[in-house]
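Please build the complete structure, drawing on both the sequences and the hints.
In order, the protein sequence lines correspond to chains A and B. Each residue of the first sequence is one higher than the one before, starting from 1 at the first, in this note's numbering. Each residue of the second sequence is one higher than the one before, starting from 1 at the first, in this note's numbering.
No lab work stands behind these hints, which were simulated from the structure alone. Among the hints, a few may not be true.
Derived CB-CB ranges, DEER-like [what the hints assert, rightly or not]:
no. : chain 1 : residue 1 : chain 2 : residue 2 : range
1   : A       : Ser-51    : B       : Asn-70    : 29 to 37 Å
2   : A       : Ile-44    : B       : Ser-86    : 19 to 27 Å
3   : A       : Pro-8     : B       : Glu-84    : 26 to 34 Å
4   : A       : Glu-67    : B       : Pro-83    : 43 to 51 Å
5   : A       : Ser-76    : B       : Leu-54    : 42 to 50 Å
6   : B       : Gly-14    : A       : Leu-59    : 41 to 49 Å
Computed, partial: chain B to chain A, Cβ under 10 Å [unchecked claim]:
no. : residue
7   : Tyr-35
8   : Pro-42
9   : Pro-43
10  : Ile-56
11  : Leu-90
12  : Ala-92
13  : Phe-104
14  : Glu-106
Quantities reported herein were computed from a predicted structural model and do not represent experimental measurements. A virtual CB, placed ideally from N, CA and C, is assigned to each residue, including glycine.
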Amino acid sequence: GIQVEQSPPDLILQEGANSTLRCNFSDSVNNLQWFHQNPWGQLINLFYIPSGTKQNGRLSATTVATERYSLLYISSSQTTDSGVYFCAAPSTGNQFYFGTGTSLTVIP
Amino acid sequence: DTEVTQTPKHLVMGMTNKKSLKCEQHMGHRAMYWYKQKAKKPPELMFVYSYEKLSINESVPSRFSPECPNSSLLNLHLHALQPEDSALYLCASSQVEGAGELFFGEGSRLTVL
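Spelled out as structure tokens, the structure:
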């Protein structure tokens, strides 16, 4: 399987600030997902993005498959953005491989 | 409808109890998954069912017993668990095994006393 690394591991932001989360993967993938896990544990799908750029409100994501990384941009952060962000990609063995996560805290 | 439903949301059980976690999806997905997650860690794969047949068992102890009664339902039967099995148990589904977009349920938070 592939190795998926995320950075930074922890991030504290003042409300209204912008941030960039990064996901590196060790081998080529044919799709990549970003999830937000809220404080209650629910994993919410943010983006399904094999390549290119997608935007959804204040969030956007870019995957550069040839260079094996994906970025998640959060603009004008809000306290409700707090939680853990995971990226995940499928690989050999028909599994999805998860990154180690970025724990985001947005302070009012 | 992109929803995976899990019940119960919270479960407390003793080490001698038998309980079950249930999961349902109506997206026509043919792959369903059980994951175990500890605090601040990524989900850890336990089992994969593909077309209602067990495809992957990640060396999970036999006190966890999965069952897939039909293409929409997935159960996880629990028996003689240990306190270290306390965790968030997540069900997920995708169009086919290891491909397509992965959707998660809200999870079942299990405490073993």
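These are the hints, each one checked on the structure:
no.	hint	verdict
1	Ser-51(A) - Asn-70(B): 29 to 37 Å	holds (35 Å)
2	Ile-44(A) - Ser-86(B): 19 to 27 Å	holds (24 Å)
3	Pro-8(A) - Glu-84(B): 26 to 34 Å	holds (29 Å)
4	Glu-67(A) - Pro-83(B): 43 to 51 Å	holds (44 Å)
5	Ser-76(A) - Leu-54(B): 42 to 50 Å	holds (46 Å)
6	Gly-14(B) - Leu-59(A): 41 to 49 Å	holds (43 Å)
7	Tyr-35	holds (9 Å)
8	Pro-42	holds (4 Å)
9	Pro-43	holds (6 Å)
10	Ile-56	holds (7 Å)
11	Leu-90	holds (7 Å)
12	Ala-92	holds (8 Å)
13	Phe-104	holds (4 Å)
14	Glu-106	holds (5 Å)
Violated hints are absent here; each numbered hint is respected by the structure.
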